[in-house]
Amino acid sequence: MLGLNKPDTRLLLIVIALVAAAPILLNPFPEGSGLAQFNAGYPDLMQRFVIFGIFAIGFNILFGLTGYLSFGHAAFLGAGSYAGMWMMKLLSINVIPAIIFSTVIAGVISLLIGFISLRRSGIYFSILTLAFAQMAFSLAASVLTPITGGETGLQTNLNDPRIFPEFLGGGASIDGNIPKPSLFGIEMTASYQLPLAGWEFTFNWGYYICGIVMILAFYMAIRIFRSPFGLMLKAVKSNQQRMNYTGLNAKPYMLACFVISGMYAGLAGGLMAAMDPQVGAERMQWTASGEVVLMTILGGVGTLIGPVLGAGLIKYFENIFSKINDNLLHQWFAFLPDGIEDFLVTIIHPFIGKGWHLTLGLMFMAVIIFLPGGLVEGGKRIGRLVRKSKDTAPDGKTNPAE
Amino acid sequence: MGILEVKDVGKRFGGLQALGNVNLSVNERTCHAIIGPNGAGKSTLLNCFVGKLIPDTGSVMFDGQSVLGRTPYEINQMGISRVFQTPEIFGDLSVIENMMVPCFAKRDGSYRLQGIRSVASETELRDQAEAMLDEVNMLDKRNMNAASMSRGDKRRLEMAMCLVQSPKLLLLDEPTAGMARADTNNTIDLLQEIKDTRDITIAIIEHDMHVVFSLADRITVLAQGTPLVEDTPDNIKGHPKVREAYLGEAH
Chain Y
115 MLGLNKPDTR LLLIVIALVA AAPILLNPFP EGSGLAQFNA GYPDLMQRFV
165 IFGIFAIGFN ILFGLTGYLS FGHAAFLGAG SYAGMWMMKL LSINVIPAII
215 FSTVIAGVIS LLIGFISLRR SGIYFSILTL AFAQMAFSLA ASVLTPITGG
265 ETGLQTNLND PRIFPEFLGG GASIDGNIPK PSLFGIEMTA SYQLPLAGWE
315 FTFNWGYYIC GIVMILAFYM AIRIFRSPFG LMLKAVKSNQ QRMNYTGLNA
365 KPYMLACFVI SGMYAGLAGG LMAAMDPQVG AERMQWTASG EVVLMTILGG
415 VGTLIGPVLG AGLIKYFENI FSKINDNLLH QWFAFLPDGI EDFLVTIIHP
465 FIGKGWHLTL GLMFMAVIIF LPGGLVEGGK RIGRLVRKSK DTAPDGKTNP
515 AE
Chain G
2 MGILEVKDVG KRFGGLQALG NVNLSVNERT CHAIIGPNGA GKSTLLNCFV
52 GKLIPDTGSV MFDGQSVLGR TPYEINQMGI SRVFQTPEIF GDLSVIENMM
102 VPCFAKRDGS YRLQGIRSVA SETELRDQAE AMLDEVNMLD KRNMNAASMS
152 RGDKRRLEMA MCLVQSPKLL LLDEPTAGMA RADTNNTIDL LQEIKDTRDI
202 TIAIIEHDMH VVFSLADRIT VLAQGTPLVE DTPDNIKGHP KVREAYLGEA
252 H
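Going line by line, the protein sequences match chains Y and G. The first sequence runs 115 to 516 under our numbering. The second sequence runs 2 to 252 under our numbering.
Because the hints were derived from the structure by calculation, they are not lab data. Treat each hint with caution, since some may be false.
Stated by the list, open to error - Lysine-lysine pairs mimicking DSS-like chemistry, simulated, CA-CA at most 25 Å apart:
(1) G:Lys-169 - G:Lys-8
(2) G:Lys-53 - Y:Lys-348
(3) G:Lys-53 - Y:Lys-351
(4) Y:Lys-351 - G:Lys-196
(5) Y:Lys-348 - G:Lys-155
(6) G:Lys-242 - G:Lys-196
(7) Y:Lys-365 - G:Lys-142
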């Protein structure tokens, strides 16, 4: 289907199903129950899942296929966000021009940075991209204040000169409020609430728009992975010398890959601005670049679905795991004798709440050491185990009969 | 006029004159061997043909065009393929993918962005690649990971990757180095077959005299960066200068 082979089509359908059903799947606990705070099915977080999914998919096209580790992808994300904001300030509050422009701007910037950074490979490439990203961050925070809003950042305002206020249905609110980013009149924050028994599911427009964009981005990534272009990128990673002597010029392939990857980041940045119309320079900081590296490695470098899983896991930890506090732990362990309860809470305390990074770090170490292929490899191993026990099961049945 | 014309090529590395005034002419559809003791400059000379090194003096003409100043991929596109001393293949890829890369390079040139079409839909190229694999008896290893194969298989794969591009000139840098006798004989048979069935010129650097005398139509003996003699294998065998270069002047 759609030029994909069977396993890829199945994977795409699974992703589509997951994206569509996420508001339900991520809300497994009834409202008001003790575990309700582990529900991740609220619009804000779900949007972040898919947006960072796009970011990580794009990063993986570069890192997973060519092995070139960029430490500057947050610069493209940030540039995309600023570009999107300006579209919404100057042109129209409609998110489509914002998203397109953010992708284009990120593409142009990644072309410049890539052209210079790709002169080197390995650690030098990483350092060059890191240097560029930090320059972009500093520029955004200081020198480019007229464009980026400096430290206060950039927001949509009531008096923004939108040239086409009514363009494609996105007009300024009549009641004099700051208009919200919208798509043909549908506001990104608009949601449909579905109370069902003890549960309450929220179906948010913004999330579904991001979700559709992510599915498209994912589909594009599959096509790239399976294309001659993808094969050449794998060849770059495997043996540049052989590639060179096979009559192939690795440079333009690498640059094209870097730009595509940067555009994915810009797209993610644009969507971020469209969902929450405010941008600050911190979006470009190197920690943000490091985060996408973590997501990709955690999920599985060079796999299709891995980066999306990694992005989801890290964002879940950041937003949900970090909310567990001592009071809650005391509640959970209330059934234990006081001394043991206090002891357990003291032990666990550093790993929860603000200490979620510590847990994430430990988990990251465990994955690197025991599952170098990331979560996807973990899934594959489990799949193999299941298949093995299935294969042996019939034998087990027949043997006693004999 | 040979397909490869080397004129007055000299190359100096610091104080070492690696090549001094090498003149060489490789005729079309022949197998030309370059032999010589260690450090004679054989590999340096080969590197001058493929764009890895640029000689300080002289010229290297291939098919009437100079190769000097061109990059390795441009030279490959002119019709020169090279097999390395240690097999250079795409270790992370499967055997068939290894074969597809040179097929694309041959058809589409050094760069063509094709991000949407799938590799699987390129049936024509895959047939080509599989036919070539069949020729080197590796079709059954099609889906194997290239890095996991034996050295002999890697060598055959590398040769197949070069041949599938139907180069005009095939450069072989010690293709049997480190091989067992049986593997060496297989390689000789394979090269003999290639020579007989294809419209190809072969230039080979080799230590193993058995290989050289089985395959070569002409032999150039290189010693200390300069050609000592160039002649047919029969004449080279008994040449006093060759013995001297190989066995040393003390004898």
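Hint check results:
1. G:Lys-169 - G:Lys-8: Holds, at about 20 Å.
2. G:Lys-53 - Y:Lys-348: At roughly 23 Å apart (the allowed maximum being 25 Å), Y:Lys-348 and G:Lys-53 satisfy the hint.
3. G:Lys-53 - Y:Lys-351: holds (20 Å)
4. Y:Lys-351 - G:Lys-196: Violated: Y:Lys-351 and G:Lys-196 sit about 33 Å apart, past 25 Å.
5. Y:Lys-348 - G:Lys-155: holds (18 Å)
6. G:Lys-242 - G:Lys-196: violated (29 Å)
7. Y:Lys-365 - G:Lys-142: Distance of about 31 Å is beyond 25 Å: violated.
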